[in-house]
Every structure is written in C-alpha cells, then in structure tokens.
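The lines below spell out each chain.
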Amino acid sequence: MSWQIITQSLPIFLKAFELTLWLSCVGIVCSILVGIITSLVQYFKVPILGRVLTVYVELARNTPLLIQLFFLYYAFPVIGLKMSAQVCGIIGLVFLGGAYMAEGFTGGFAGVSPSQIDDGKALGMNDLQLARYVVFPQGFALSMPALAANIIFLIKETSIFSVIAIPELTNTALDLIGMYYRSNEYLLVLVIAYAIILVPVILLLNFVERKVRYGTFGN
Amino acid sequence: MTEEILRVENLNKYYGDWQALHDINLTLHKGEVLTLLGPSGSGKSTLIRCLNGLETFSSGAIYFKGKKIDGSSKTWQALRQKIGMVFQSYDLFPNLTVIENIMLAPVKVQKRSEKEVRAEAISLLKRVELDEYVDIYPRELSGGQKQRIAIVRALALHPEIMLFDEVTASLDPEMVRGVLQIMADLAKKDHMTMIIVTHEMNFARQIADQVLFLEDGKILENTSGKEFFAHPQTDRARDFLTSMDF
Amino acid sequence: MEHSAINVFFAGNNFARILQGLWTSVWIAALSLLIGLVLGTLLGILRTLPNKTIRFILRAYLEFFRIVPTIVLLYLVYYILPRSLHINWPASWMAVLAFSLWVSAEFSDIVRGAIESVPVTQKESGQALGLSASQLFRYVLLPQAMQLELPATINLATRVIKTTSLLMLISIMDVIAIGQQIIEANNQQYPSAVFWIYGLIFILYFAIDYPLSLWAKRLAAKQKR
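Residue numbers (the numbering used here), protein chains in the order written: chain A, 1 to 219; chain B, 220 to 465; chain C, 466 to 690.
A couple of the hints might just be wrong.
Unchecked claim - Straight-line alpha carbon distances no greater than 27 Å define the calculated DSSO-like cross-link-like pairs of lysine-lysine that follow:
| no. | chain 1 | residue 1 | chain 2 | residue 2 |
| --- | --- | --- | --- | --- |
| 1 | A | K45 | B | K327 |
| 2 | C | K517 | A | K45 |
| 3 | B | K327 | B | K293 |
| 4 | A | K156 | C | K682 |
| 5 | B | K330 | B | K345 |
| 6 | A | K45 | C | K689 |
| 7 | B | K407 | B | K445 |
Because the hints were derived from the structure by calculation, they are not lab data.
Predicted model only: the values in this text are computed from it and were never measured.
Using the sequences and the hints given, assemble the complete structure.
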C-alpha cells in the first residue's frame, strides 16, 4: 500500500466524486417526480395511462439497469436515437428509479388504514378530498422508509454507469487500476469515496424518517 | 307526530351466498334515539354502516327525510354531511392537530368560513371539556379523549342524525363514562336524532326510545326501550339480556 | 431497420449459446443465494443475542455491504484475491463468494427484523413451557420468522438475479457477454442485431424476475390480511 499513489490520484477522484454526486442528485430528483406522477395516475386509476404505467413499473423493476443502459447506449442508435453516455445514464437511472419510487408511494397509500378512510367518508369527503386530505398526507409519510431505501439504492446504482464509460467513481478507479496496476490503493479510495457520500446520506435519512414519523403523527 | 328522518324498507344484504341482513325495516323520527342490540356478529354494525353508505346493500330502500336515496356514491357523499358517524376505532387523523381534525370537513367539504368554524369548534371542545387540547396531536391523547373529539368532529358538520357504532367498545373502562355522558347529553339537551350500536345495557336502557334486537341479521324485536328491557318478548332476547348480566 | 435481423437468433447455434450463458447466470445466482441464506440466518440469529460486541461487529458487517455497491464488491474480490492473497480461483467462484457475502449481510438483517417482530408473548409462552433458548429458536421463533420474511427473501432473490448482469465485468461468459460476442460477430451482416439481442436478454431477465416479484407481492398482501 503506497500513500503516494493515493494522494496523487486524489484530484482525479475528486472530479469523479463530483460527477457521481451530480448524477445521483439529478437521478434522484427526477425519479421522485416520475414516481409521484406514476403513483398518482395509478391511485386514481386513470384509464389506459394507468395500465401503461403499471407495465412500465413492472418492466423497469424486474430488469437489470446494466441491460437498460446497454439498450439505450448501444441499441437505440440503430433506430436513429443517439445520446451521450451521461444522458443515457440519467435516463436509465430515472427509468429504474421512477418505478421504484412509484412502488414505494403506492405502498404508502395502500398502508393508510381503512378506518381512516371510513372517517373521511363519514365526514362527507368526496374521492378527491379523501385523497388530498387523508390518503396522500398519511401515505407519503408512510412511504418515507421506502423513499430512503430507494435514494440509497439509486446512489449505489450510479456505479453501473461505469459500463458505458461515464467517468464517475467506479469507472475512474477501474481506469486507474488498468493504467497503473495498483488495485489495493485505488479500490480503497473508491470504497472510502462511497462511504463519504453514503454515510451522511444514511444518517440524514434516518433523522428525517424519525422527524416525519413524529412530526406528522404528533410527538 | 314529529318529522320522519330515516326509514328503511325491506333491506337485504348478501356477502356472496351468505345473507348478512334479512328484510330490515325501521323508521326513526326527529329527536328519537334508536339502539341496535344483539350478540356479536348479529349484523348491527353492518346495518349501521349501510345507513351512511359505507356498505352497499343488495335490495330494499333507505329514505332520508322521506326522499329515497339512489345509492350513487355522489348522493351518499352529499348525504354524509347530514348523517354524522363515529366509529369504534376512535381514529383521528394522526397528521392533524385536534382543531385541524375538527375544522377539516366543515372548511374543505362544506366551504364554511374558517373563522366561524374555529369558534364553533372551540365551543364544542369546551362542551366536552377538552378545550385545552386545541393544538395537540392525537398521539398525545387517551382513547377516551380521542373518541370525544371524534364526536365533536362529526357534530361540527351540523348533522341531522348521528350514528354511533360501538364507540366505547375499545376504550378502557374508566374512559367509557365520559363518552356515554356526552351521548346522553346530546339526546337530552340537543334532542339529537341518534342510532346507537352498543353493548352498554344500562346506558341503552336509559337512553333508548326504541330498541331493535337483531340476531343472525334478522330483527327479532322492534319495540320501545322501556318495553324491551322490562318485558322482552322472545327467548333469544331474554337469553341475551341474561348473558349481559341484566 | 431490416426485419431479417431477427434471423440472428437462429443463425448457427446462437440461441443455444444464449441459453448456455443464461444458465451460467442462473447457477451463480442460485448457489450464492443458497450459501448466503444459510450464512445470513446464522448471522441474523447472532444479531438478536444480547452480546454487544458480536452485535456491533455484525452491524458493521451489514453496513459495509450497505455502503459498497455490488459492482465494487465484485472488483474487490476479483483484484484482491489473486493479487494480495494469491488465491487463484476461477472468476465464477469469486462471483459466488462476493454475492454470498452480500446476500448473507442483507439476509441477516431480514432475519433479525423477522425474529424481533414475532410477538413477545410467543417468546414468553415458549419460555413458560420450559423451552431452552435453542429450542425456542428452533420450534417457535424461526418457523414464525421464516413465514414473515418470505416476501423479503424472494425480493432479495430477484435482486441477486438482476445483479448477475454484472458477471461479464469480471470476464465470466454470462448471457450478456455471449450476447455481445454474437452482436460483434454479426455486425457486418445485421447491424441491427444489437437491438434484437439486448431486447431478448431484457425479456429473459424479465421472464425470470417478474413471476418472483409477483409471488412476493401476493404473499405480502396475504400476510397483511
């Protein structure tokens, strides 16, 4: 193990670190948006679109991101759709993440207890009011654990971007190993880099989860 | 005779092949209190849930103030503002404070002014002696307190009839009295029209103008409260009263 | 796009080769699951015991696998085993090792959660009957926990199957690696072969994972009732 090798590589890793962070943030925000829209369409059982989105969710959840990326990056140009690696990466991550998020929100809505729905109905609410004032606020709070798990999952999935040569953390480490043959050093930096991103994220999400649980449901 | 509020004619309900309610008939006038009595599983809760459209029924008709209810979800939704209901589960909305729980439906469903509703909510809370809990979340309240607030929440909509489905059944014994007190008060002072499913026989005897005794989804007795407790007509009703230590 | 490109499936023994690649992915997933579930059960039980040191170590073990992406795990094993420890295993064994450790970590948490969610009264009535600690696990806690954890276990299996898509990265001839060979070999004749081959692999993964997900969902819904 050589410290010199490690310190020399830090500037390169820093750039990769920024890219991983950036791609994760964009991917997570877009995934949450897609997830919310999808789960709302499914909740209100919008005709046709609801079914189409159910097929989307199942396709995205039950296939590997790697194949989704290969399809976007290598197969789509054949039908005239050529996109940069990073655009493919984001689209692939959001395709996958949106489905996971939708599943999480839908699970939260389903977790709202039937007696709460009876209460809302007995107070004269129509379906829209029931959704707006009873199901969604409680459902989103209930889906927080799934949301947290999905955020962590999506950050880790950015490592698969390395297969379409996006210079994020994993790809950078592999490049360096290929060039200088110092696997121990670069792998150590790689693992630490992921820990630097994920440990605070995990702690923050735990904190938020507790806050939401107590905040919305009283102390 | 005072105005008729609710009438049920030949109501039947099936779950698949199994008949939960057989030919139910009842009439309730303004200011009357009807209690539904009977052993567990006799169909009391199913019946009371049919009366504000939380359960559908298979045949028969329900009339509200002489007008037949068409059974569409829109009709029920509008009607439920006039038919208040409180459940066994004493579930307030956990994400809202006490006052928000009470104000939600009057403001959002009935579109009344927030100021007016708030004032009314506070005076109702005073009446049930819970006005110090205005901004508290339900998690901090006892079951009995929650149930009293659930009653206030229903009253804030100005219902013409209140349905109570075993509202004290899951409460700790020391909480029961306060809730029953409020219901008795509503009957005596406000002359509220009420239908009550309960296992509290002393309470039922004090409050009931009319008793329906159900077993296996059939009405076995439909009589005045006095008559039922003094001279039950059927063996089943006598057995039931004995089993309730009466 | 010329339609005849679909012929690439049937040219030579292409289809058989793809299935052979799929088999490689499937046995690696199955073996890793088997080892991981057994090891994970043991670790999960250990995590419910009162010993603080054991619990801390096993918690750290779990967190390591929570933080490190699977693709990185695979490379860790792939580089460290031969270069630093001088163990020269075939790549498929190394994949099984990486996946088994990962599965055991995730599963230990599922087992711990399930055991802890068995009602305390069950534990107490077992103790009241004079069962020893190991009898309590064997006859009361584990059977009940196993039922509770089945949906999560099936979901873990679907994740392992999806993760086998990474095997080609450590030069294992899995279904994707073979697909790439076929694409390259036919690039001149059928430029759109890439579309069909990746499409087929996409569908193959879906065909394996979707029924499992559906099963897990049904079981979870049934348990809720």
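Verification of the supplied hints:
Simply put, K45(A) and K327(B) have alpha-carbon atoms about 24 Å apart, close enough for the 27 Å limit, and the pair holds. Between K517(C) and K45(A), the direct Cα distance comes to roughly 50 Å. Violation of the 27 Å bound is thereby established for this hinted pair. Between K327(B) and K293(B) the CA atoms are separated by roughly 16 Å; this keeps the pair inside 27 Å, and the hint holds. Of the supplied pair hints, the one linking K156(A) and K682(C) holds, its CA atoms being roughly 24 Å apart against a limit of 27 Å.
Our distance criterion of 27 Å between C-alpha atoms is met by K330(B) and K345(B), whose separation comes to about 24 Å. For a cut-off of 27 Å, the pair hint linking K45(A) to K689(C) stands: about 22 Å separates their Cα positions. For the suggested pair K407(B) and K445(B), the alpha carbons sit about 17 Å apart, so the restraint of at most 27 Å is met.
This entry does not satisfy hint 2, going by the numbered hints stated previously; all others are met.
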